[in-house]
Structure formats: structure tokens, C-alpha cells
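Sequence order for the protein chains is A and B. Count the first sequence with the working numbering and you get residues 1 to 526, in order. Count the second sequence with the working numbering and you get residues 1001 to 1423, in order.
Calculated directly from the structure, the hints in this document are not laboratory data. Any given hint might turn out to be false.
Stated by the list, open to error - With a Cα cut of at most 25 Å, we get these calculated BS3-like pairs of lysine-lysine:
| # | chain 1 | residue 1 | chain 2 | residue 2 |
| --- | --- | --- | --- | --- |
| 1 | B | K1141 | B | K1187 |
| 2 | A | K16 | B | K1073 |
| 3 | A | K276 | A | K330 |
| 4 | B | K1222 | B | K1132 |
| 5 | A | K22 | B | K1073 |
| 6 | B | K1125 | B | K1187 |
What the hints assert, rightly or not - Partial list, computed: chain B residues near chain A (C-beta under 8 Å):
| # | residue |
| --- | --- |
| 7 | A1071 |
| 8 | N1209 |
| 9 | E1210 |
| 10 | K1247 |
| 11 | I1300 |
| 12 | R1311 |
| 13 | E1313 |
| 14 | N1323 |
| 15 | R1326 |
Positions of the beta carbon are idealized from the N, C-alpha and C atoms, including for glycine.
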Amino acid sequence: MQDSLFHSLIDIRESKAGLLGKADLVLERARWATSIFERYDIQTTINIVKAVSDAAFEMAEEFAGKAVEETGFGIKEHKKTKNEMASRYLFNYYVEQDFVNPRVNEEKKIVEIPRPAGVIFALIPSTNPIATVNYKIILALLTRNAIVISPHPAAQSCSYEAVQRLIHAAEKAGAPEGIIQVLQSPTIPMVEAFMTSPKTNVILATGGTPMVRSAYSSSNPAIGVGPGNVPVYVDSTANIKMAAQRIISSKSFDNSVLCTNESVLITVPEAENSLKLALKANKAHICSKEDTDLLRRFLFHPGGFNVEAIGRSATWIANECGIRLPSETKVLIAPISQIGVEEELSKEKLCPVLSYHVANDEKQAFAQARAVLRLSGAGHSAAIHAESEETILNYSAHVEVYRVVVNAPSSQGAAGLETNLAPTFTVGTGYFGRSSIGDNIGPQHLVHWTKVAYNRDEKVVFGNYHEIGKDFPGPLPEAEIEGLRPSSRKQPTKITQNSVESAEIRKEIRRLISEELKDLLGKSNG
Amino acid sequence: MSEAKTEFLERSKKFWNPGKTQDWIDFGVDLVIDRREGYYLYDMDGRRLLDFHLNGGTYNLGHRNPELVEALKAGTQRFDMGNHHFPALARTALAEALKECAPSPNLQYTAYASGGGEAIDIALKTARHATKRKKIISIKKAYHGHTGLAVKAGDDRFSKLFLSEDVNDEFIQVTFNDLTEMEDALKGRDVAAVILETIPATYGFPMPNEGYLTSVKRLCEKYETLYIADEVQTGLMRTGAMWGCMKYGVEPDIMVTGKGIAGGMYPLACVLISERCGGWLKEDGFGHISTGGGAELGCIVSIKTLEIVQRPEVATMVRYIGNFLRTGLDEIRQAYSDFFVEIRQHGVIMGLVFNDVQGAKPVMRHLYENGVWAIFSTLDPSVLQFKPGLLLSQTDAEEVLRRMAIAVELARNEVMGVKRRKL
Ligand SMILES: Cc1ncc(COP(=O)(O)O)c(C=O)c1O
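My request is simple: use the sequences and hints to build the entire structure.
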């Protein structure tokens, strides 16, 4: 349909009424879709999630390329890994959790019935567009919610196309029409209209601080995440060689666009020399004072971080700054003597530049780590490389974050890719970070439970709820149209083809996928 | 009833229409609509009603749809009704948008009227001009409006009153769904047009039999008669397709749309005319003149209406609303199957049939008392017209079913005069 056909004389699309009209229609369609989805049983639900996760897995590489091409951020192979993680691995991680059937607690005499949030409005960042799209859609489907995706303008076209593909896969597997929707060209006022509409049940906001704050002030429930600014402490007890290797692997992973990437490395004099050598051995370039000045000026403009530098390679950045270095360099190390408002390099850097600070001792190192997070990144992530449990626990209790990655690359580790944390592309920054949730966001955050609680008095017996399953009637029958289809009312086609029949089969799938992923991980990190 | 309302109704009788005012009071519907918003009406005494009448689809997109209001407001900054004699920006823009979504690529032109009846008159005049024949076939109990020609094509209840019934045997009425009668009427090769509502609304939405409409179209072609589709109530996505006739695979020679086209914000109706039928537009373009016909502000709102109803979300909504209400209504029908005997449905066009010639009237009254406004079919009061809006929310759909179950039970007990047997 040509736009000019409708808008050439009077165009009200950008008016408040125009934006709200559009938002309400999309959101009400989503609401209707949830009214059908709520009728689906666990098997049908899982089949749909699996179909979507398979589709996402298959298109991981293609869309990794498209995302890099469109945004200029990051590295295709790494994006592919993330896209794969945010599909099969994610599915596998949650497939055995049941967000559909009631659960019974005999001891407490309580039955809990899952109640999906309803309509999720999801903001997608430009740095990890496809992985976040996959991740949010899978979370929504696992919990039988509807989701409306709002892509970042800088990653609009690849995100839109990816969502369209996933919609196709979902509907083919029997998902109700409209359960996944995507905005074609969201503007800030349009996003505001969606966020403030009473038809939105929860906002899942991943992105820049202004967007996240505005999600919180929308008057709708919101799960938003603040920025990261990860301090990484390398202790004298650490295996320095391994520490350096992991830090470089993390900083060079997708050129540091994950908000979980290390920002400031803090160490103590005992470890300094060997750490520097080990970093160099892993293709890091240690900047001179002059190089550091050039970097600082290039990365930090009066208005904030230079977006041009986001997700660029170390050599590209060095070239822009006029720093000479070997072409195989993966990470730029910028030594800094101060941490705090005076030193811009102690702020978050979504690029393979790592600030490097040597504290006098462990006590001061911890204080500096807290200072890094005071600047930004509160509630997000920190990392430590050490062998002493006491140091690890002490450090973790000091830093104001909700996840501390130990002896692992932080980019991947805090996001649950190389630790046993829940795999996520939305890191809850909790109360430290002015957010409502401090966990890695998962499906459990998108469903509440109605608790059916019996009298505690022993004389009142608890019912037998194991036998009676909740009724899941599935899709509604299509209303008959006389004179078009003479047959009697058509019953909806049962959507159990390719069904994952039983828990056993699901277990088997899980096993197979784990092996596949071990393989994958082995490749992505040296 | 408040004193204010009693007083108002007296004034209504005194200055407006004593008969109609009293009839509603007698029906037990003392409604005086005041505020209105979305699918809610508020009586002047403050009572809320869910609108399932929508004036036959006029309020498809809800009352005072904010986007339509905005378009109208913005339109007033530039337009008024316009000068009907001249080429006009908004009229042409709407005509172009209509051609783009028309049920046949042949529908080239749009002629404008200020209401449905006038548009039907234009359609019938156009057919007569194009065929040089005078006869018009419609169905028994047809309803196409109350203007000069339209009223003759309809049930004679409304023409006789004004001594305006057809006396020259120019208007033939045949039984709906009867192809033999239709062919017999066409055989003389002297019929200008067959005019058919795709699903006759005021007759209680009887559904066309399989193949009926396409066969009529074929017969029209055989006897060189034109097919006029009255899409005043069945158009604008109510069947899930832009125009009802599209669902049945009929490409009309002339099509009429009205009511919902300007979303209840402005009176407007349109006649889409094929190149072949549009001869008078060239021979004498001043042939039909209507000062308010195609008022440009109405065109501005209508363009917005067309844009909204064609959004992909709307088709899904129609499907969901249709399926959901059908499932719920089926349950109610099963519970009161001796009274609630049939559901006629195509998308969000619904006729609920009750087991009494006047059966829809008590249902209407009990619905009204239970906060839902839906009206009986004037020409078959056993049928309740049940017309959900295109954008009905899930909550309101659930709400209406709850109220419907109560109203049907009350009406049943009243009509059948016995307590319900447990089925
Ligand atoms: C099918 C049909 N055609 C024509 C008309 C006449 O429209 P109007 O009342 O705008 O003259 C109506 C009005 O109810 C109608 O339902």
C-alpha cells in the first residue's frame, strides 16, 4: 500500500492520536493472541519454542552478517556464536522448566497456577540486535506471552527481517497469529506511545540509559537494565597466563559490544610485570602515555562516548587515533593512574580498549573497583581472577554488582555463556542499578503464579491435585461461514506434528544440544 | 428515569419525532445517548452500554475514534465541504484510495452522495443510464434506504406510507437465495440491474447459499443486466475482507459503500462505478448534483478509515473476535436451545435467531437492561443484529458474552413462559 494514497493531504501519523491508535491496535491484537496462547498445553508450547529456536539457530550466521553490515558493530563469527547461544542453548537451558502446568506443594498445601504477563513490549539494542531478538522472543514464548519487538533504528532492517522469519516459524508450528509482532520504523514518540499504553503489560528494556529510564517512568511495569562498566581484578594468587588469555578473549569477543565486557583492569604490584607480559603475549598492545592521551580524546567526546568506536576492532581504533601497532593486535591496553570522574577512561567502553590500573594493595584495589562502579555500571557485573577463595568472596562482597565472574571471560561469563549463570542478553542490575530485578533475566520473570493456599490446620486436608491436570483446549474453532464452507464447524487442526513427545525425548535433545554447544564453545574461545 | 430525562423525552416528542420517541419507550429502551467513546455509549442518566449495534457498522472503528477525530480536526485547518461542482483534492484522493481497494479492477470512478440512500439512487440511475433499461430487481425484505429510488427497491412498508410505492412494475422483488425466481425475473432482458446486499442486514443477515451470489452475477451477465453490490453494512472488513462480495468471489459492476466509510464522524457515501457503466460521467458530468455529496471533510476522514481498516492487524482481530464470540454464543445457544435457535455469522457480522417471530425484541430489552445495546432486525424481528466492532477488546468481548447469557435466559423465560429445564 502506498503511503501517499492515504497521507498526501492530511498526515496525522505523528500526532498523539495517530501514534496511540497504532500502538493500541498492535497491542490489542497481541492481547487477543494471548487469549488463545493461554489455552495451549506444555507440549504445544514447547513445540512452538523449539521451532522458533531452530529457525533462529539456522539463520544465526546469515543474520550475524546482516547485523554487522548494517550497524558496523562487532565481528560476524562472534555474533553468529551469540545468535546460536540465544537460540538452541537458551531453549535447552529452559526446556525442562514448566511455565504452563500448575505446580503442587503437598507440604505447604499450596497449588500454584502460572499466569503469563500478557503483552510484552521489548526494546532491542543495536549492539546485539539478533541475539536479543531471539532471546526475548524465546523467553516470551516459553511463558505463553505475546511480544511486540521494537528494533533499534541503527539495526532496524536486520532486526525486522529476523523477527519476520521467526514469526513465520512460530505460526507454522501453531503459534497464534500476532503472538510475535515487530514495529517497522519505530520513532521515539512511537516507542513512548507503546510504553505508556495501558495495553502493555510489561516492558523489557535493553538499551541506553535514557530509554531504560523512560521505560521505568512509563507507569507500566518494566524490567530495565542499566549500563555496565566492569572492573576486573587480577589478584597475585591468579594464574596470570590464563587470566590474560581469558581477558583478551573476552575483550575481543564481538569487539566488546556486550555490556558485560571488562572495562577497567585492576591489579597489584606483585602481579603487574607478569600480567603485562602475558597480555602482550595474547596480542594486546600496551599504550604509552601519548597513545593513551590520543585514545582518550578519540573515545570520549564532550557529549559522551564516541559511538563511531562502538564494536570496532582494536586496529581500526588505533588507526583512527594515529597509534602505530602490529596488525594482529586484538586489544588496546590503556594504563591509567586515576579512577573516577577525572579519568574518562575509567568509564564504560564498548570496544576492545581496556583501561589498566595498578593499585598499591588488595585493599586499595577493591576500593578502586567500587569506584569504577560508582561512575557507572552499578548492579551489573564484575570479574576476578584469583585462586584464594577468601579474596574472591571478599571482592565479591565489596563490589556493588549482582554477578562476579571468576576465572572466566566476563563478556561471555556474566551473560551465562561460559559460566553456569542463566544465558541472557538482558542483565538485571537490581537495586544497585535502579532496576527491579538483579538476576539474569529469564522466563521466570515474565510469569506470576496464582497461589492457592489451604488452611494450615491439620484437620483440613489438602486435596489431590496430581491427578487432575488443568484443561488446555488449544486454539478456538474457526467460526463457520455458511454458504462459503458447507461443512459443519471446522475444528482446528491439532498441532502435534513433530511434537517433542515426552520428558525423555526432551532430555535426549538436551544432551545432543549440549554436545553440539561444547563443540561450538570450544571453537569460539581459544 | 431521571426527571431530566423524562423532561427531555417530552421535548423530543414535541419537537422531533413523537412516534419514534414513544416507540422506544414502549420497547422498554429509554435510551438517550449522551457521551460516547470507543464501543461505549453513555445514556444521559450516566448508564454505560456496550455498543453492538454500531448503526450498522457506522461505528466499526468505535465512537469518536481518536485517529478519525484527529484527521477531521486536522482537515478543518484546510478544508470544509468544498464546492461540489469543481474537481476537488480530497474527493479525488478518496476516489483513488477506493479504486485501489475495490473488489474489481473495473471499478474506476467514484460518485459521491451524502448518505446511503442517495448513493443507492445514484447507483440505480447509473445502471438505467448504462443499460437504457428501467427495471430493477431486489430481494423481498430488501433495505437500501429511504430516498426516491432506494425506497422503491425495499420493502413496501416504507414506500406505501408516503404513497411512493412502485406502480409501474419497474421494481421487482424476488426471494433471496432463489435462483429460479431470479432467472425468471431476468429472462425478459429488460432489467437494468440486480441490487443485492451481500448479506441482507435489515432482513436479519440470512446467509447467501453456496454459489448463490456468483450464480446471480452469472445470470446478470447472461441477460446483460448490471450487478450492484450494496456493501453499506457488509463492507469495510466486517467479513474479514475489505468488501463482503470479495469473500464470495463476485465482482460487481457498481458498488455502494456508506455508513462506516467516514467512521460516524461525517455523513458520506460513495458509489464505485465501472468504466463501462460510467457513461453519464462523460455525457453529462452534472447529471447528479449533491451539495453535501462528497463533502471534502468527509473524504478526509474516509481516507483515514480506509487506511486503518486495511492494517494487517485488523484482519486478525476480526478473526479472533469472530471465533471467540462464536464459541461463547454456541455455548449460550446450547444452554437455551429451545429459544436461541440459530447463529448466522460471517466475520463480525452476526444475526442471532430466536424461536419467536418477535423473539429478538425481549432479548434486546434484557440486553439493554444488562448494559449492552444491540438491535432487532426491522424486517425480521426474530433476529437480533449482533455487531461487534472491528477493534473490540478481548475484555469487552468477554464482558458481552457474560451479559448475553443473562439476557437470553431472562428473555427465554419471558417468551417461553416456563422455567428453564436443566439440559
Ligand atoms: C444496506 C443498506 N443500504 C443502504 C442504507 C441507507 O443508508 P442511509 O441511511 O445512509 O441513507 C442502509 C441503511 O441502513 C443500509 O443498511
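Okay, the hints, checked on the actual structure:
1. Distance check on the hinted pair: K1141/B and K1187/B sit about 22 Å apart at the alpha-carbon level, within 25 Å; holds.
2. For the hint linking K16/A to K1073/B, the alpha-carbon distance of about 13 Å falls within 25 Å, and the restraint holds.
3. Pair hint K276/A plus K330/A holds up; C-alpha atoms about 15 Å apart against a cutoff of 25 Å.
4. Of the supplied pair hints, the one linking K1222/B and K1132/B holds, its CA atoms being roughly 17 Å apart against a limit of 25 Å.
5. In summary, the hint linking K22/A to K1073/B is supported, as the alpha carbons are separated by about 18 Å, within the 25 Å threshold.
6. Simply put, K1125/B and K1187/B have alpha-carbon atoms about 21 Å apart, close enough for the 25 Å limit, and the pair holds.
7. Checking A1071/B against chain A: minimum C-beta separation of about 5 Å stays under 8 Å; hint holds.
8. Hint on N1209/B holds. Least Cβ distance to chain A is approximately 5 Å, under the 8 Å limit.
9. Residue-level restraint check for E1210/B holds (minimum Cβ-Cβ distance to chain A is 5 Å; threshold 8 Å).
10. With a least beta-carbon distance of about 7 Å to chain A, the hint placing K1247/B at the interface is held under the 8 Å criterion.
11. A least Cβ separation of about 5 Å between I1300/B and chain A falls short of the 8 Å threshold, and the interface hint therefore holds.
12. Annotation: R1311/B was flagged as interfacial toward chain A, and the flag holds, the nearest CB pair being 6 Å apart, inside 8 Å.
13. A hinted interface residue such as E1313/B counts as satisfied when its beta carbon comes closer than 8 Å to some beta carbon of chain A; here the least separation is about 4 Å, so the hint holds.
14. With a cut of 8 Å, the hint placing N1323/B at the interface with chain A holds, because the nearest CB-to-CB distance is about 4 Å.
15. Proximity of R1326/B to chain A holds as hinted, the smallest CB-CB distance being about 4 Å (cut-off 8 Å).
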